[in-house]
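**Student:** Here is how the chains run, residue by residue.
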Amino acid sequence: MSETIIATKGLLKTFRKTNAVDRVDITVEKGEIYGFLGPNGAGKTTTIRMLLGLMKPSGGSIKMFNKDLKSHRIEILKRVGSLVESPSYYEHLTGRENLEALRKLLQVPKSRIDHVLSIVRLTKDSDRAVKEYSLGMKQRLGIASALLGEPELLILDEPTNGLDPSGIHEIRELIKSMPEEYGITVMISSHLLSEIDQMASKVGIISKGTMIYEDSIEKLRSRARPQIRMRVGNGSAAKSTLLSSGYVVEHDEEYIYVEEGSDEYISGLTATLVHQRIPVYRIEEQRQSLEDIFLDLTNDGGEANASYSAS
Amino acid sequence: MVRSLVASEFLKIRKTKVWLLLFISPILAGIVGLTASLPPEISNEWKHFFIVMSPAHSLLLLPLMISVFSGFICRYEHQHGGWRRLFSMPVGRQQVYLAKFLIVFGLTAINQLMFFAIYLLVGYGKGLEGTVPAEFVLKCTAGGLVATLPLIALTLWLAMIWSSFAAPFTLNVILTLPNILVANSETFRPVYPWVQPFVMMMPQGEVFSVPMQSLLVAIGAAFITFYTIGSLNIQKRAV
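Quick mapping for you: the protein sequence lines, in order, are chains Y and L.
According to numbering that gives the first Met the number 0, the stretch in the first sequence is residues 0 to 310, in order.
According to numbering that gives the first Met the number 0, the stretch in the second sequence is residues 0 to 238, in order.
Okay, chain L solo, but in the shape it has when bound (with noise of 0.2 Å):
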C-alpha cells in the first residue's frame, strides 16, 4: 500500500514547479566556492573548500528547502478538497505521511546528491590540488540528509495540517535564522533540528562538531518524536 502510495504521490507531485527548486541551494552554494579564495599552503585543499562551501547550503537554505518540499506535497490537496477524497480512498492514514515523509525525503536526497556534484564541478574548475577526500565528503553529505530528519517529520505534518502554503515556511525562515547563534552554543548546537544538519556536515573535531554518538541519538530521538507526533495526529484528525 505505502509503495502505491508513493508512486501516486510521484504522479502528482511529478508536474509541479518543485525539481527547478533542486538545484538553488547547491548553486548558491557553488558560487560562494566560486568566489571564495583558499589560504595559501594548506594540506588539504578539497577538504578546507567542502568546510567553506557546506556552511552556504547547509546552515540556512537546507532547512528552507524542506520546508518548500513539504509545502509542495501538500499544497495540491489543500485546493479543491484533496485531502477529503485522499482520507475516503482505502489507505491508512499513517501511510500517507508515510508516503508523503519519504518524497520529501527523497527529494531532500537529490538535493544533497546535487550538492554533491556542484562541490566536485566547481572545485575541479578551480583546478584544486590533490585527491577527494571521498570518505570524508560522503560521509558528511550523507550525514547531513540523515540529520534533516526530524526536520522532515516536523515539517510536513505542520503543512498537512495548516492549508496555507506561506505559514510553514514562515515558521522555518524565523527558526532559521537563528541557526547562525545556535551553531555556536554547545548545549543548544545537537538538539536544534534546524541545525542538525550543518552541525552533521561539519568535519569530526573542528569548531561547531559535536561528538558523533550523542548528535545521532539527539536526531535519532527529535525524529522519533516528530514522527510519532506527526503520523498520529494525522491519523485522528476530522478533514
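Bound-form chain Y, shown alone (with noise of 0.2 Å):
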C-alpha cells in the first residue's frame, strides 16, 4: 500500500477577496516525482508557500506525512526539502558557509555537506563565494541546500528557471534520481509541461488557483486527439459541399479541419471533393503534443486550433 505524503483538501488562499488558491486538493504518494504544472500567477507559489508554513492558508487542510502542517510544523519541517523561489543563498559567504549556517539549524553531522556538495558536483568550488558563482551553480547550491538534513520530501519550486539548456538537463537528471537512489518523495513546480515530461510520474495541473487535471502523465497523454488537416482549393465552397454530403468539418481560410480521422472517412471525404473539382493540395495528420493539451486546458479551450501543430 503506498502511502500519502502530502494531502490538501479545499485549500484556500484569498488575497483582497480573490482566492489566489481556490480550494485545491493535492496528493503527493510516496515515492512519486510530482510535477506542479500551471502558467505564471496561477497559484503555485502560493501553494508551495503554505505547505512549508511560511504562508497560513484561508481555509482547508494540509496534511503532511499523515500529519496536520498546523500543529506539527516543525517535525514535519525536519522531514521536508525546499528550495522557493530560487535561488536563495546568502553571496557575502563562500557555499561550503551557506551549507554550515543551514546545518547548524538541522543538526546533522558535519560529513553531510561533503555529501551533498558531492551530489550537486560544487565540491570544488565549495570554497569560493557564492556571489562568484554562476547562476546555475547557486541553483544547484540550492539544491544541496536543500537535501542537507537527509529529507524524505523535497518541494521544489521553478528549479531550473532561468537556467540554459544544458543546466535544466543537468538539474532534471539530478531530480529524477532522487526516488531511486535516496527514496526521495519530489514536488516539483513549472510553468513549461515539456520540462516536467521527462520526469515526472504525475502531474496537477492549476490554472487560475483551481486544480484542473491530477493524475498520471499517461492519462494526461491520451487526451491528444489527432486531427486529419486539408489544404484546398477554395475552403468555403469545400466546408459547404463536405457539409451537404453529410461530413462534419471546420474550415479556416483555405483549410480543412477534420475531427474523426478513420480511412473510410477521409477517402470518402476526399472523394466527394474532388467530384466537385476543387483542388486538394495536402492531406496530413496533425498531433496535439503535451504541451498543447497543457495549453487548452489552461487556456479554457481556447484557440484550439492554433494550438495545433503538424506531427
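Some hints could be false.
Calculated pairs, DSS-like style, for lysine-lysine (alpha carbon to alpha carbon, straight line, at most 27 Å) [unchecked claim]:
no., chain 1, residue 1, chain 2, residue 2
1, Y, Lys29, Y, Lys55
2, Y, Lys77, Y, Lys201
3, Y, Lys103, L, Lys14
4, Y, Lys77, Y, Lys103
5, Y, Lys130, Y, Lys66
6, Y, Lys175, Y, Lys109
7, L, Lys235, Y, Lys62
8, Y, Lys55, Y, Lys175
9, Y, Lys66, Y, Lys103
10, Y, Lys69, Y, Lys16
11, Y, Lys130, L, Lys16
12, Y, Lys77, L, Lys235
13, Y, Lys8, L, Lys235
14, Y, Lys103, L, Lys138
15, Y, Lys66, Y, Lys55
16, L, Lys235, Y, Lys207
17, Y, Lys16, L, Lys235
18, Y, Lys123, L, Lys14
19, Y, Lys66, L, Lys235
20, L, Lys16, Y, Lys103
21, L, Lys16, Y, Lys55
22, Y, Lys109, L, Lys14
23, L, Lys138, Y, Lys130
24, Y, Lys69, L, Lys235
25, L, Lys125, L, Lys138
26, Y, Lys77, Y, Lys8
27, Y, Lys77, Y, Lys16
What the hints contain is simulated information worked out from the structure, not anything from laboratory work.
Could you use the hints to bring the two separately framed chains together as a complex?
**Tutor:** Here you go:
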C-alpha cells in the first residue's frame, strides 16, 4: 500500500477578496515525482508557501506525512527539503559556509555537507564566495541545501527557472535520480510541461488558482486527439460541399479540419471534393503535443486550432 | 535550538563589515574627550570626564548604531530569499527573533565595552588625577546597555519586516534627533526609548537623571511591550 506524503483538502488562499488558491486538493504518494504545473501567476508558489508553513491558508487543511501541518510544523519541516522561488543564498559567504549556516539548524553531521556538495558537483567550488557563482551553480547550491537535512520529501519551486538548456538537463537528471537513489519523494513546480514531462510520474495542473487536472502523465497524453488537416483550393466551397454530403468539418481560409480520422471517412471525403472539382493539395495528420494539451487546459480550451502543430 | 540559531547567525554576520562599525561611536566620544578641557580644581576628575564623554556616545550615536546592527543582521535575509529559506527550516520563528535579538544585544554590549576602554585610554592619556570610580563607571555603562533593550526589540522588529536597510535607520535618525529636547523634559525623559540609554548613563542626582526605580520600570515595560509585539508579529507574518 502506498503512503500519502502530501494531502491537501480544499486549500484556500484569499488575497483581497480574490482566491489566489481556490479549494485545491493535492495528493502526493511516496516515491512519486509530482509535477505541479500552471502558467505564471496560477497560484503555484502560493500553494508551495502554504505547504512549507511560510504562509497561513485562508481555509482547508494540509496534511504531510499524515500529520496536520498547523500543529506539527517543525516536526514536518525536519523531513522536508525545499527550494522556494530560487535561488536563495547568502552571497557574502562561500558555498560551504552557506551549508554550514543551515547545518547548524538542521543538526545533521558535518559530513553531510561534503556529501551534498558532491551530489550537486560543487565540491571544487565550495570555498568560493557565492557571489562569484553562476546562476546554475547557485541553483545547484540551492538543491544541495534542500538535500542537507536528509529529507524524505523535496519541494522544489521552479528549480530550472533561468537556466540554460545544459543546466536544465543537469538539474532534471539530478531530480530524476532522487526517488530511486535516495528514496525521496519530489514535488516540483514549473510553468513548462515539457520540462516535467520527462521526469514526473504524476502531474497536477493549476490554472487561476483551481486544480484542473491531477493524474498520471500517460492519461494526460491519451487526451491528445489526432486531427486531419487538408489544404484545398476553395475553403468555403469545400466546407459547404462536404457538409451537404454529411461530413463534419471546420474550415479556416484554405484549410479544412476533420476530427474523425478513419480511413473510409477520409477517402470518402476526399472523393467528394475531387468529384466537385475542388483541388486538394495536402492531407496531413496533426497530433496535439503534450504542451498543446496543457495550453488548451489552462486557456479553457480557447484558440484550440491555433495550438495544433504539424506532426 | 536557540543556541544553534545564535551559532548560525554568528557565522552569517561574522563575515560582514559590522565589526568596523563597533569603533565609530567610542572613537568619536574619545575625540570629544581629548579635546574637552576640564575645569580646574574639581574634586573628581575621572567622574567629571565621564560626564563629558558619555553624551557624545549615548545621546546620538548609540541609538543609531543599534539600528545599523539590526539592519546588518537582517540584510542578508532580505536579499535572495533568505527569510523564506530560514523559515522553511525546522525552527521556531520566535526563536529566530530571539537569536537575532541576542546578536544585536551582544554587538551593543561590545560597543559599550569599547566605549569603556576608550574612556580609560583617553583618561590616562590626559593624565587625569585620582583613581577611576570603577563602580560608578561600570554601573553607568552597564545601565546604558540595559536601557537599549526596548530600542533593540523595536528596531530589530522593524528591520525584519522592512526589506529596505535604510528605512529603519532613517526612522531612528528622525527619532534620535529630538533627543536633546526630550532629555530636557522631565515627563518624557524616562519613557522615550531613544533617550533612555543617555539618561541611564548619567550619574544619579545630577541633571537629566531620573530616579532609578521609575526609570527601570519604564525601560522594563517598554521592552516587554516591544519584544512581545515583535515576536508575535514575526510569528504570524507571511513570507
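**Student:** For every hint, state whether the structure bears it out.
**Tutor:** Hint-by-hint comparison with the structure:
1. Distance check on the hinted pair: Lys29 of chain Y and Lys55 of chain Y sit about 25 Å apart at the alpha-carbon level, within 27 Å; holds.
2. Only pairs whose Cα atoms come within 27 Å are accepted, and Lys77 of chain Y paired with Lys201 of chain Y is accepted, the gap being roughly 25 Å.
3. With a C-alpha separation of about 17 Å, the suggested pair Lys103 of chain Y and Lys14 of chain L falls inside the 27 Å cut-off, and the hint holds.
4. As the CA atoms of Lys77 of chain Y and Lys103 of chain Y are separated by approximately 13 Å, the hinted pair is consistent with the 27 Å bound.
5. Proximity of Lys130 of chain Y to Lys66 of chain Y is assessed by CA-CA distance (about 39 Å); at most 27 Å being required, the pair is judged violated.
6. Between Lys175 of chain Y and Lys109 of chain Y the alpha-carbon distance is near 26 Å, which keeps this suggested pair within the 27 Å criterion.
7. Simply put, Lys235 of chain L and Lys62 of chain Y have alpha-carbon atoms about 19 Å apart, close enough for the 27 Å limit, and the pair holds.
8. The suggested pairing of Lys55 of chain Y with Lys175 of chain Y is violated, with an alpha-carbon distance near 31 Å, which exceeds 27 Å.
9. Between Lys66 of chain Y and Lys103 of chain Y the CA atoms are separated by roughly 25 Å; this keeps the pair inside 27 Å, and the hint holds.
10. Among the hinted pairs, Lys69 of chain Y with Lys16 of chain Y is consistent with the structure: their alpha-carbon atoms are about 23 Å apart, no more than 27 Å.
11. For the hint pairing Lys130 of chain Y with Lys16 of chain L, the CA-to-CA distance comes to about 16 Å; that is within 27 Å, so the pair holds.
12. Of the supplied pair hints, the one linking Lys77 of chain Y and Lys235 of chain L holds, its CA atoms being roughly 20 Å apart against a limit of 27 Å.
13. With a C-alpha separation of about 22 Å, the suggested pair Lys8 of chain Y and Lys235 of chain L falls inside the 27 Å cut-off, and the hint holds.
14. Between Lys103 of chain Y and Lys138 of chain L the alpha-carbon distance is near 36 Å, which puts this suggested pair outside the 27 Å criterion.
15. The straight-line distance between the Cα atoms of Lys66 of chain Y and Lys55 of chain Y is roughly 16 Å, inside the 27 Å bound, and the hint therefore holds.
16. Proposed proximity of Lys235 of chain L and Lys207 of chain Y is supported: the alpha carbons are some 26 Å apart, at most 27 Å.
17. The hinted pair formed by Lys16 of chain Y and Lys235 of chain L meets the criterion: a straight-line CA distance of about 20 Å does not exceed 27 Å.
18. About 21 Å separates the Cα atoms of Lys123 of chain Y and Lys14 of chain L, which keeps this hinted pair within 27 Å; it holds.
19. Restraint check: the Cα-Cα separation between Lys66 of chain Y and Lys235 of chain L comes to about 20 Å, which is no more than 27 Å; the hinted pair holds.
20. At roughly 22 Å between alpha-carbon atoms, Lys16 of chain L and Lys103 of chain Y fall within 27 Å of each other, so this suggested pair holds.
21. Between Lys16 of chain L and Lys55 of chain Y the alpha-carbon distance is near 36 Å, which puts this suggested pair outside the 27 Å criterion.
22. For the hint linking Lys109 of chain Y to Lys14 of chain L, the alpha-carbon distance of about 20 Å falls within 27 Å, and the restraint holds.
23. The straight-line distance between the Cα atoms of Lys138 of chain L and Lys130 of chain Y is roughly 45 Å, outside the 27 Å bound, and the hint therefore fails.
24. Straight-line distance between C-alpha atoms of Lys69 of chain Y and Lys235 of chain L comes to about 12 Å, which keeps the hinted pair within the 27 Å bound.
25. For the hint linking Lys125 of chain L to Lys138 of chain L, the alpha-carbon distance of about 23 Å falls within 27 Å, and the restraint holds.
26. For the suggested pair Lys77 of chain Y and Lys8 of chain Y, the alpha carbons sit about 22 Å apart, so the restraint of at most 27 Å is met.
27. A distance of roughly 34 Å separates the Cα atoms of Lys77 of chain Y and Lys16 of chain Y; the hinted pair therefore is violated under the 27 Å criterion.
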